[in-house]
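Residues 1 to 357 in the working numbering are what the sequence shown spells out, letter by letter.
The hints are simulated quantities; they were obtained by calculation from the structure and are not laboratory data.
By construction, the Cβ of each residue, glycine as well, lies at the ideal position given by its N, Cα and C atoms.
Check the hints yourself; a few may be wrong.
[What the hints assert, rightly or not] Ranges between beta-carbon positions, derived for each pair: (1) 79 <-> 129: 40 to 46 Å; (2) 209 <-> 237: 22 to 28 Å; (3) 161 <-> 137: 34 to 40 Å; (4) 133 <-> 171: 42 to 48 Å; (5) 162 <-> 128: 38 to 44 Å; (6) 160 <-> 193: 14 to 20 Å.
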Amino acid sequence: MDELNNSVVSEFVLLGLSSSSETKVFLMLIFSLIYLGIILGNLFILFLVIFDSHLHSPMYFLLANLSLIDVGLLSTTVPKMIADLPKEYKIISFQGCMTQISFIHIIGGVEMVLLIAMAFDRYTAICKPLHYLNIMNPKICVLFVITSWVTGVIHAMSQFVFIVNLPFCGPNKVDSFYCDFPRVIKLACTDGAKFEFIVAANSGFMTMGTFFLLILSYIFILVTVWKRSSGDLSKASVTLSAHVTVVVLFFTPCMFLYAWPFPTSSIDKYLFIVDFAITPVLNPAIYTLRNNDIKDSHQTIEQTGTLCQILLIRFDFGVLKLYIHHPLKPLHSGIWNLTWPDLDISSTSLNNFLLLL
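Kindly produce the complete structure, drawing on both the sequences and the hints.
Spelled out as structure tokens, the structure:
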């Protein structure tokens, strides 16, 4: 990291989301509650997947990893944003800014690959149900996770090695609540056009490619279901619409920042609140906490009175209680629980899944 010491700029000033004192107090309260709720909700999911043998299946293994990644992505930006809200002068060191950028892109890359793996899991379960257990075996699931981390690191470092060598000697104000490649490049004391192209080619291609792969997988699923039974198509559409909603919300800010050809700096920082705060809320709600297997596991925990019940089930937080105590109707549960004959693959047949890893 010797290159970091060669830059004249030693810190960046984050302009944040708002300059209004009343708005700052409101945002600090809201984001603090959201952050706490997301952390507890995702820890709850991890606890269930690890300790409930009925959830030892490929689907829940990937979901547990997604929960862990959501916590990581959230923690790269939101805690500092909350801490900076009451401050007039929001600063981040040069090293801190570069570290934050690296973690955002590493974790973001991991999440994109995990979403592809989960889409492949759903596609295999629906389109190739008889071969599901052979295809989604423990080794493949571990390979998915390892591949996601390797991809995330390569994705981040392939951009970082170029940006870290840029000279920063003048402007140091970042019009956002966090650091990222496109904003930092604009502050460099050199022509950043080619570096902006590198970021657009790397992050933009990965964002658009992942998005279209996910949408394509949903189309294949709908076509497969439509060919088998038109009555199940509406049920599949309802379920997949929730998944598509999460995908669109997650990738839209990325497209605006990395792939959109026109400047949007005035609005993209607000769009990224969706990625850092809203999507981590929706992922547990849509993928896991509304799932019948999770509900059954939760009921078992309530009956046994475990530590998880004491810390989470009785936690007096409205949003979390909405997920746990007032789950939505089974009709809108995860795609794993659609009552299609071809999807009668019970997770109980994979009780020893994690033990085999």
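Numbers of the earlier hints that this structure fails to satisfy, in rising order: 4
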